[in-house]
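Engineer: Here are the chains, one letter per residue:
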Amino acid sequence: MTTASIAQPRVNSVPPTAEQAAALENAWRDPPGLAGWLSAINHKSIGKRFIVTAFGFFVLGGLLAAAMRLQLARPDNHLIGPDLYNQIFTMHGTTMMFLFAVPVMQAMSVYLVPLMIGTRSVAFPRMNAYAYWVYLFGGLMLFIAFAMNIGPDVGWFAYVPLSGPDYSPGKRVDFWAQMITFTELSGLLEAVIIITTVFKLRAPGMTLNRIPLLVWGMLVTAFMVMFAMPSVMLASTALITDRLVGTHFYNPAEGGDAILWQHLFWFFGHPEVYLIFIPGLGFMSSIIPTFARRPIFGYSAMVLSLIATAFLAFGLWVHHMFATNLPELGKSFFTAVSMLIAVPSAIQIFCWLATLWTGRLVFRTPLLFTLAFFFVLVLGGMTGLMLASVPLDLQVHDTYFVVAHLHYVLIGGAVFPLFGAVYYWYPKITGRLMSERLGRWNFWLFFIGFNVTFFPMHLLGLHGMPRRVYTYAASMGWGPLNLLATAGGVLIAISVVLFVVNVWRSRAHGAPAGADPWGGGTLEWATDSPPPACNFAAIPVVQGKEPLWEPQGIAGHVAGLSTETREVLVTTVLDARPDSRDTFPIPSIWPVLGAVAATGLFIGSIFTPWAVVWGCIPVGIALTAWFWPRRRETALHLAEEKA
Amino acid sequence: MNDPKPSVVSAHPGVLDVAELQTVVFSDRSLMWWGTVGLMAIEGTVFALGIVAYFYLRSHVEHWPMSTPAPALLWGTVNTAILVISAWPNHLAKRAAERLDRRGVQVWLTVCLAASFAFLVVRWFEFEALNCRWDSDAYGSIVWTLMGLHTFHLITDTWDTTVLDVLFFTGPLEGKRFSDVSENALYWYFVVLSWLPIYAVVYWAPRA
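Those protein sequences? They're chains U and P, same order as listed.
Using the working numbering, the letters of the first sequence map in sequence onto residues 9 to 651.
Using the working numbering, the letters of the second sequence map in sequence onto residues -12 to 195.
Just chain P, with the same shape it has in the complex:
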């Protein structure tokens, strides 16, 4: 199905017949992939600038964290493990979509959803264990901003996945929806991978 060779018929000079081209394509052949990658580039830039701001502020004060203890490690580390492990059902959902396997998509998207409810609950504990408030000082402000930005991504990705999963049970379905599942999985990878630098900054930079 990912055969890149176009099947275009040119029976008459000056006529390019495209009626036989595929309509269900994946990865960079699909417009949805480009849209998703565009959003990832934008949001990746926001995360990168947030981290730059973190170290900029750190370079301007004597003590870091300024007046509070560093965040407790437990829940952040647990959540990192959950996020990394969730890449596995996510990978299987992507594979099922690319096989146009409706049953497989239903199963693995549901497993992904279970993982996402787990990391949302643990994220709540993470906020409780940050040991600072957004209004305690500039350190607290940037830590809450980084955490808030990433949590916003967890919530939107959970919602996207819920909508797709429900749609795969109820219909109406067409081939394109499998591309949507595949691009949703790509975005999930982004949410997982962007967490790793944020985790390192929020939990380990105050200890370094």
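Just chain U, same shape as in the assembly:
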């Protein structure tokens, strides 16, 4: 295959010349114009859109929460009726879990992982764009359905028989089930992308024991996604076929079983908590060393704890089902695992404390958010241990105690670190720092508002207030604590408004950041802010866990990669030795068209099963056109080929 006869390919030298850097910029940037915007595949463009979209859904989910808090602020309130309230709490949970918490973590990895491991792109960049569009269209579908009064109304875990054809006629649950198809398809593709990127595209010298802990977290998360999400896809497909074509998976009259839904859902649903939590731990492990001015304490213990958590996370789904008639002996196994998973989490917490204890702390906004993690997450972990015990769980099952617990765990474990992460990496993404003054207001209002909102819910739950009631009688005595929770909700809302203002204003008015505003040690701080289209004009060679903190700095750079095509260096899995070169595809309109075709198939199938058959044709056309090589591109690749 070396028959091509075009000029010798141009490659980069070390250090790269200005001409080479300009050629690389030209090779890696997204095309201009609307068609170019739709064709974009650079991981930073897609990553930014992904992050902004996920935060858009976060704000929408927050507005739904605000509506619930207003409704519950006083007893016998009739601001929102029961039917709309059912849709609102279902949309809130669904949005936060499926459209915000898991995708935002994958979005952060799409942007950050290539920069942190010293490469120019994620693997399969067109598939990455496709995964983004599928996610966006799935989220829009759900909200358009909600706006048309066909939003789901059966809770975010959609238990049968309530969600089955007998008790939920109409299309509301079908939209929910197809939202699962969209988001899980996107999530699964991202998992394959992240695993391949981390295993094969690391900078030379970045052996397994030098991978940044955030990247470890994203890798472990991607593996969990691969084995957890298929379960909910199977479950929701069975639900929608029960509803639309008369299968009987969950219909006891014909041999089906309602508990099957709970098993399949929670076999995904409990690992999902860790899909959200483990990236949060990764943010902690990035921010703490930088602001403690020392490398992390106990790196190997941290990595092993992440992996242990991932395994144990698959062994505790039944603790969501203690109120069902499963064998008691089986339940005690799940109690034991639920207790056991506290051990790796505790190891990590102690390692961070040791790092902080022996460091010189710099109290900037990212550190404030990570310090709050300790307080909030530990409280959530404590109530988690309480809920792991069957008798206590039965007492508070389906009460506000569980609502308090899950918000302490998820907001403490993921959203606080995520806010810290935004303050930490915003200067890398935009080239400007966020306002520190607004950041402190943002932090303190969020921290106080969060506790004022959710701490009273523990007490409300213990006083017997059930979840998902749209109102309650004054005689129950739940009024004052609910009013307090609503007041806390107002503080959270103000804090999020300040956050949005800070993000918006700092784009133009923030202080210029430079390459490394915090003095960080990992590779993303070695390149400009914002990074050039190719990330690194010359790929760095790594000799330590924090390459920028090594005594001699970055050890060397890679020469000899093309400056005309999207060529990347592929390295070995364990030792990251240079192994081969691969040329990535150029931008293409077909991923977004493929996502449009898939959207037609998924939405069409809500109305007729034939959409699955006919919808495959446009999907097949789009995917084939996406793959089919172009002559000009092939000729360029042939010139660089060495078989």
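Mixed in with the good hints there might be a few duds.
Said to hold, decoys possible - Facing chain P, a subset of chain U residues (Cβ under 7 Å, in silico):
1. K208
2. N217
3. I629
4. T632
5. A651
In case anyone wonders, no lab produced these hints; they're calculated from the structure.
Positions of the beta carbon are idealized from the N, C-alpha and C atoms, including for glycine.
Given chain U, work out where chain P should sit, using these hints.
Structural biologist: For chain P alone, kept in the frame of chain U given last:
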């Protein structure tokens, strides 16, 4: 060609020259292999969970199949034979790709395609001989789901193979496309091997 030793030149300190590295690699050295294995892990999990659901449902009823006869054995067994035999041209296509032998890839991919049209036709008869409908009872639902999931894989693999085969006749070709053929063959093995447990469950579990 599968020599794992990197040919990296370091003429100056701090400079790692990678210009001489290969661009056409196979197996776990290729990104496409990792992507394919990732999809296999996901789809393998779906099959495994489907089989778990099958036995879960079976454990909750008295008679299995609940109200219909077990599937007739003939066509399912014929198709198992076709699938297993198709692994042979598939193996030869993979070998030809790894030799960068365009002619060999053309020949063996075409033979694979003939096999795939045969198993798609026989799959149609299989559905006719299942002796149940998806809406007859929970047994019918899970049997149709397992069969449907696997048939979906047969169709996508047939289409992938068709596109690659056409491309090897028309071009434009570059070395990477040989890796694509090799990974497509890997995926074919997955489709064949995942059929064996599904065949055992669908055709033999109701008889056990």
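Engineer: So, for every hint listed, does it hold in this structure?
Structural biologist: Against the structure, the hints come out as follows:
Given hint, U:K208 at the interface with chain P, holds; its Cβ is 6 Å from that chain's nearest Cβ, closer than 7 Å. Taken as an interface hint, U:N217 does not check out: its beta carbon lies about 20 Å from the nearest beta carbon of chain P, beyond 7 Å. Taking 7 Å as the C-beta cut-off, the interface hint given for U:I629 is violated, the closest approach to chain P being about 11 Å. Interface restraint check for U:T632: the shortest CB-CB distance to chain P comes to about 6 Å, inside 7 Å, so the restraint holds.
The interface hint given for U:A651 holds, since its Cβ lies 4 Å from the closest Cβ of chain P, which is under the 7 Å cut-off.
Consistency note: the structure conflicts with the earlier hints numbered 2, 3.
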